[in-house]
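Here's the letter readout for the chains.
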Amino acid sequence: RKEVEQDPGPFNVPEGATVAFNCTYSNSASQSFFWYRQDCRKEPKLLMSVYSSGNEDGRFTAQLNRASQYISLLIRDSKLSDSATYLCAVNRAARNTPLVFGKGTRLSVIA
Amino acid sequence: EAGVVQSPRYKIIEKKQPVAFWCNPISGHNTLYWYRQNLGQGPELLIRYENEEAVDDSQLPKDRFSAERLKGVDSTLKIQPAELGDSAVYLCASSLIVDEQFFGPGTRLTVL
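Protein chains in written order, with this note's numbering: chain X, 1 to 111; chain U, 1001 to 1112.
Don't take each hint at face value.
Here are the simulated BS3-like cross-link-like pairs (lysine-lysine), alpha carbons at most 30 Å apart as the crow flies [unchecked claim]:
1) U:K1015 / X:K103
2) U:K1062 / U:K1078
3) U:K1078 / X:K45
4) U:K1011 / X:K45
5) U:K1011 / U:K1071
6) U:K1078 / X:K103
7) U:K1011 / X:K103
8) X:K45 / X:K103
Derived by calculation from the structure, the hints in this document are not laboratory data.
Just so it is clear, the structure is predicted and the values come from calculations on it, not from any experiment.
Generate coordinates for the entire structure from the input sequences, incorporating the hints supplied.
See below:
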């Protein structure tokens, strides 16, 4: 099993739709979880940290399920500008250990 | 606040040639990372520095790759000699808060 796995997509959704991505991780000792957004030919940009209690930032909601070892990202009311690749990142074990990135899930929001 | 700066942005070289990449992290960030990203993949860590000390370089191919972070600020990553398979985007990132990393624009390397 890979350390971090994501469905590569692409997810093609109409504007206004709600879309959700999952990311599974293999190391139960992982402590830190993040979602990054990467536009074509650009660097990854930190979108959200994922906390145990879940967190919300506008149209974006991130959740952590430790029992099943996955994190999720929910995007409500999708905009054309949300089209990008979404990367999840998980640290290997305790804090201050390197992040392992998934391959990313590509989202295309269509007018 | 200025972000992570990298240069050059693009580099095309022939195989067996040397190449070097430079990174200036966000001011005050003591942790610096070099990643390699291949097309369709996520970034893969090559080396991580805490100040000037390399604390994780297990993924760095040491036969041809080297890195340094003198004075604990700027860093350079070198490949000598480059191989065709080294074509990728080389990303530098820095962090202050543990694990929250901010990436530079990357250097896109093409080895012919």
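- Query: Checked against the structure, which of the hints given earlier come out wrong?
  - Reply: Failing hints: none at all.
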